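Chemist: Sequence:
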Amino acid sequence: MSNDSKETVLRTLRAVAEQRGIALPALREDAEIVDELGFTSLAVAALIANLEEELGVDPFQDEDVMITDIRTVADLCRVYENALARVR
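Note that our numbering numbers the sequence shown so that position 9 is 9, with each residue one more than the last.
I should point out that these hints are in silico values taken from the structure, not numbers from a laboratory.
Values in this document were obtained by computation on a predicted structure and should not be read as measured data.
A portion of the hints provided could be inaccurate.
Unchecked claim - 20 angstroms max Cα-Cα, derived EDC-like pairs, lysine to aspartate or glutamate:
#1 K6 x D69
#2 K6 x D58
#3 K6 x D30
#4 K6 x E81
#5 K6 x E52
#6 K6 x E54
#7 K6 x E53
#8 K6 x D75
#9 K6 x E29
#10 K6 x E32
#11 K6 x E18
What the hints assert, rightly or not - FRET-style restraints, in silico, Cβ to Cβ:
#12 D30 x E54: 33 to 43 angstroms
#13 G21 x R86: 28 to 38 angstroms
#14 E53 x N82: 13 to 23 angstroms
#15 A49 x V87: 25 to 35 angstroms
#16 A49 x L27: 14 to 24 angstroms
#17 A85 x A23: 18 to 28 angstroms
#18 R88 x A23: 34 to 44 angstroms
#19 R88 x D35: 11 to 21 angstroms
#20 S41 x L10: 15 to 25 angstroms
#21 G38 x V87: 24 to 34 angstroms
#22 D30 x M66: 12 to 22 angstroms
#23 N3 x L24: 16 to 26 angstroms
#24 A23 x D64: 31 to 41 angstroms
#25 D4 x R28: 17 to 27 angstroms
Where a beta carbon is used, it is the ideal one built from N, C-alpha and C, also for glycine.
Please take these sequences and the hints and turn them into a complete structure.
Modeler: Below, the structure is given as C-alpha cells:
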C-alpha cells in the first residue's frame, strides 16, 4: 500500500476513534479492529463511510469483499489498496 493511502487509513481510524470516544492503544497492523481496538459495528460503519469519502473508493460495492472479511488494521489497508489499484 502506498504510504499516502496507509496514512489516510490510519488517520481516519484515529479520527473515528476520537469522535466515538474510543481510547486507542498503539496501532499495530495485526490489531483486530473490533476485539482489540474496541470499535462497535456503528464505529466500523462510520470508519468505512469516512474512508470512502477520503479515498474516493468503495471496496465493497462489487461484493468481491465483504465488510465481515475485515478483522485487522492490515485487512483494512489491503482492501483499500486493492480498490485503489482497480481504479487507477
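Chemist: Enumerate the violated hints, using their earlier numbering and listing them in ascending order.
Modeler: Hint check: 12, 15, 17, 19 fail, others pass.
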